[in-house]
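Visitor: Next come the chains, spelled out residue by residue.
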Amino acid sequence: MHVHRFERLWLVAALAMIVLFIGTVTYGAVGAGYGMVDDTGGQVDPTDATASENFREPGVYNGSEPGHYDVYIEAKQFLFVPGTSEPVRVPANSTVTFHVTSTDVIHGFEVVGTNINTMAVPGQVATVTVEFDEPDEYGLVCNEYCGSGHHTMEGSLHVVPAAQFTQTEVN
Amino acid sequence: MSDRLAFVDKFPSAARITRLSMGVSFTALTIGALLGIVQALHRTNVFRGVISSADYYSVLTGHGVLLALFFTIFFLTGIFTWGTSRSLGRELPSPRFSLAWFLLMFSGAVMTATAIFGGLVGQIPFSADVLYTFYAPLQAHPLFYAGLAAWLVGTWLAGADWIRTYYHWRQDNPGERIPLQMFMIVTTMLMWYIATLGVAVEVLFFLLPLSLGLIESVDPLLTRTLFWFFGHPVVYFWLMPAYFAWYTVLPKLSGGRLFSDPLARVVFILFLILSTPVGFHHQYADPGVPEGFKFIAMTNTMFLLLPSFLTAFTVVASMEYGARQRGGTGYLGWLRALPWGKPAFAGCALAGMMFAAGGFSGIINAGMNINSLIHNTLWVPGHFHLTVGTASALTMMAISYWLYPQITGKRLQFYGIAQVQPYIWFIGMGLMSNAMHRAGLAGVPRRTAEPQYQQFDFAPVLGSMAEMRLQIAIGGTLLTLGALMFVLVMVGTWLAERGRGRLRVDSHLPEPISGPSDSPRVLDNVKLWFVIAVVLVVIAYGFPIYSMVADGALNPAAPPFPV
Numbered sequence: 001m002h003v004h005r006f007e008r009l010w011l012v013a014a015l016a017m018i019v020l021f022i023g024t025v026t027y028g029a030v031g032a033g034y035g036m037v038d039d040t041g042g043q044v045d046p047t048d049a050t051a052s053e054n055f056r057e058p059g060v061y062n063g064s065e066p067g068h069y070d071v072y073i074e075a076k077q078f079l080f081v082p083g084t085s086e087p088v089r090v091p092a093n094s095t096v097t098f099h100v101t102s103t104d105v106i107h108g109f110e111v112v113g114t115n116i117n118t119m120a121v122p123g124q125v126a127t128v129t130v131e132f133d134e135p136d137e138y139g140l141v142c143n144e145y146c147g148s149g150h151h152t153m154e155g156s157l158h159v160v161p162a163a164q165f166t167q168t169e170v171n
Numbered sequence: 001m002s003d004r005l006a007f008v009d010k011f012p013s014a015a016r017i018t019r020l021s022m023g024v025s026f027t028a029l030t031i032g033a034l035l036g037i038v039q040a041l042h043r044t045n046v047f048r049g050v051i052s053s054a055d056y057y058s059v060l061t062g063h064g065v066l067l068a069l070f071f072t073i074f075f076l077t078g079i080f081t082w083g084t085s086r087s088l089g090r091e092l093p094s095p096r097f098s099l100a101w102f103l104l105m106f107s108g109a110v111m112t113a114t115a116i117f118g119g120l121v122g123q124i125p126f127s128a129d130v131l132y133t134f135y136a137p138l139q140a141h142p143l144f145y146a147g148l149a150a151w152l153v154g155t156w157l158a159g160a161d162w163i164r165t166y167y168h169w170r171q172d173n174p175g176e177r178i179p180l181q182m183f184m185i186v187t188t189m190l191m192w193y194i195a196t197l198g199v200a201v202e203v204l205f206f207l208l209p210l211s212l213g214l215i216e217s218v219d220p221l222l223t224r225t226l227f228w229f230f231g232h233p234v235v236y237f238w239l240m241p242a243y244f245a246w247y248t249v250l251p252k253l254s255g256g257r258l259f260s261d262p263l264a265r266v267v268f269i270l271f272l273i274l275s276t277p278v279g280f281h282h283q284y285a286d287p288g289v290p291e292g293f294k295f296i297a298m299t300n301t302m303f304l305l306l307p308s309f310l311t312a313f314t315v316v317a318s319m320e321y322g323a324r325q326r327g328g329t330g331y332l333g334w335l336r337a338l339p340w341g342k343p344a345f346a347g348c349a350l351a352g353m354m355f356a357a358g359g360f361s362g363i364i365n366a367g368m369n370i371n372s373l374i375h376n377t378l379w380v381p382g383h384f385h386l387t388v389g390t391a392s393a394l395t396m397m398a399i400s401y402w403l404y405p406q407i408t409g410k411r412l413q414f415y416g417i418a419q420v421q422p423y424i425w426f427i428g429m430g431l432m433s434n435a436m437h438r439a440g441l442a443g444v445p446r447r448t449a450e451p452q453y454q455q456f457d458f459a460p461v462l463g464s465m466a467e468m469r470l471q472i473a474i475g476g477t478l479l480t481l482g483a484l485m486f487v488l489v490m491v492g493t494w495l496a497e498r499g500r501g502r503l504r505v506d507s508h509l510p511e512p513i514s515g516p517s518d519s520p521r522v523l524d525n526v527k528l529w530f531v532i533a534v535v536l537v538v539i540a541y542g543f544p545i546y547s548m549v550a551d552g553a554l555n556p557a558a559p560p561f562p563v
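Protein chains in written order, with UniProt numbering: chain G, 1 to 171; chain W, 1 to 563.
Just so you know, these hints were derived from the structure itself, not from any lab. Treat the numbers as computed from the prediction; the structure is a model and nothing was measured. Hints may be right or wrong, so weigh each one.
What the hints assert, rightly or not - Here are the in silico distance ranges between beta carbons for each label pair:
#1 G:115 / W:515: 42 to 52 Å
#2 G:149 / W:335: 24 to 34 Å
#3 G:56 / W:553: 40 to 50 Å
#4 W:517 / G:20: 34 to 44 Å
#5 G:149 / W:213: 16 to 26 Å
#6 G:115 / W:353: 28 to 38 Å
#7 G:35 / W:364: 51 to 61 Å
Beta carbons are placed, not taken as given, at the ideal position from N, Cα and C, and that holds for glycine.
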């Protein structure tokens, strides 16, 4: 097969670039330790997630070690529980694992301006672990269409100074 | 040229199917574009008098389904019918069979559209505000799914019709190389048969029975996975008619001929093989899918860049060759020698340029980890309005300026409007898409009726939210104007008198510089490539789908909404 010299050069350059892209993603996973949303959250009963042993009453819980917290969030038409009627509160300088599921249709869970961004799928639990350094306030939005009130589905997340966070806020 | 017989004179039956398909395609484009401007103005808060925010989603569903499925794929059936007859030099075997698949597709499209627009009329009990992705357990009226199924079966029969024509030609021409256009049609359709399997199973076994009340619940993750099994390859099904035009017509429009026929074949084989095993890259943010499968999809997706990179080279090289044939000189000076005043050329070239930009934002989407930053934000529609909304759509419009006179025997009307139209589209998309990309980086979600929220403000890195919204509104308005200008030219031509004036198009397609004889024969062994494609799909999807159905195909069981 006859391939022009420039074309061959281009082909090699394109392949090199593709390998480079795959390399950066691999580095992100292995080197930088970026964890994808995957199947580790397990499955729950879509109509009553809290009846399943791996999903608790929505709210903030102490994690496996000091400074770690687990936040259980239920997404449903058109609320985040907690998050919408009252903000999710976690202390600064902490590691937080969000456990998100839905009890009706597919929703999205996005912490605006961050890379905390996952689908809330009925029957599945999404887990995302992140570190919060500074006190800050973030918006929460549902970024997957979920019904005629989709645009009202929002909330907020407050990362508060550690001194302002008390154990009474923990379930 | 007036002295050359137009396509319609040589193949009246194929020309009729092409005209019918294009008629439906352009009707869908008109309605879809009008819905587009309603959305652009509503969600940017510029003008909200037409619909309520709750009805926005029916409009959005209509925009997505009419443009992404019906405009694009009726155009595809039109241009592929033309390409089959043109490249083989024969009619399709049975005009009645061709008409039958067209009518099946058409009635399916009408059913689906009826269900969607029923949602805007209070007294009608239909609705289908489930968007183009129709994720279960959100539920539409059964008419929506039944229409999609009928339409899909119609596309399968259309493919069978073209492949049957090829088979007849093969019997009369044993040992000859498959003509390039026919090769592209066959590989595209084989990809389509593999890819649509997912959505066919989803609709026929789960969503239609659910909407009819025959089953009580579905597994949302399984149906979503079946959707995306189809959902990414359909992207290439939109793009293949554009590639088909860029490879076989654009070189001639730029004054030259195709650079390399063998590499064009390699590109289509790569699309056949790699298009389907990438669907999990739409599910990077999904729980319940192991990271490993996402990684496999990511590597496949990155390799799928290869055929597009090769296309970029071939198309630009063919254009440069054409420009130099026309007397262009210099490193970049040859660009000036291209026929920028000819609407068919200008549209294809501008579409190609936008596709390059869209390709780069697509690489971000494919990057498994940085994807989290833009997943389901306005970045995503910003991206695909460059790919399907420009690379495909603008090429389809541009090539119609060249093709439509040949299949009608009528001279193109309103030529001045046709000359300006691709530039209007280009500017409109430039404004809308760049603002969408930037808003996405600030975290603005896609698919929502409201520009802002009560509990927080978006903090863009560059520019202000008000400025981005204004750009989206102006861009969306220009795009609608561009679509209507195109439709005006087409309707004007359709109504024009036949045989008056020269056709102003030359239907001859020159031979490539490097022809099919330079390519190894194994490229034409489509059966082999089909088998490889199926094996790759089984590797990418076999285990994940098995693990989702191992605990029962309806488990975890989510009931439908609204009930």
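Visitor: So which of those numbered hints doesn't the model satisfy?
Guide: Violated hints: 2, 3 and 7; rest satisfied.
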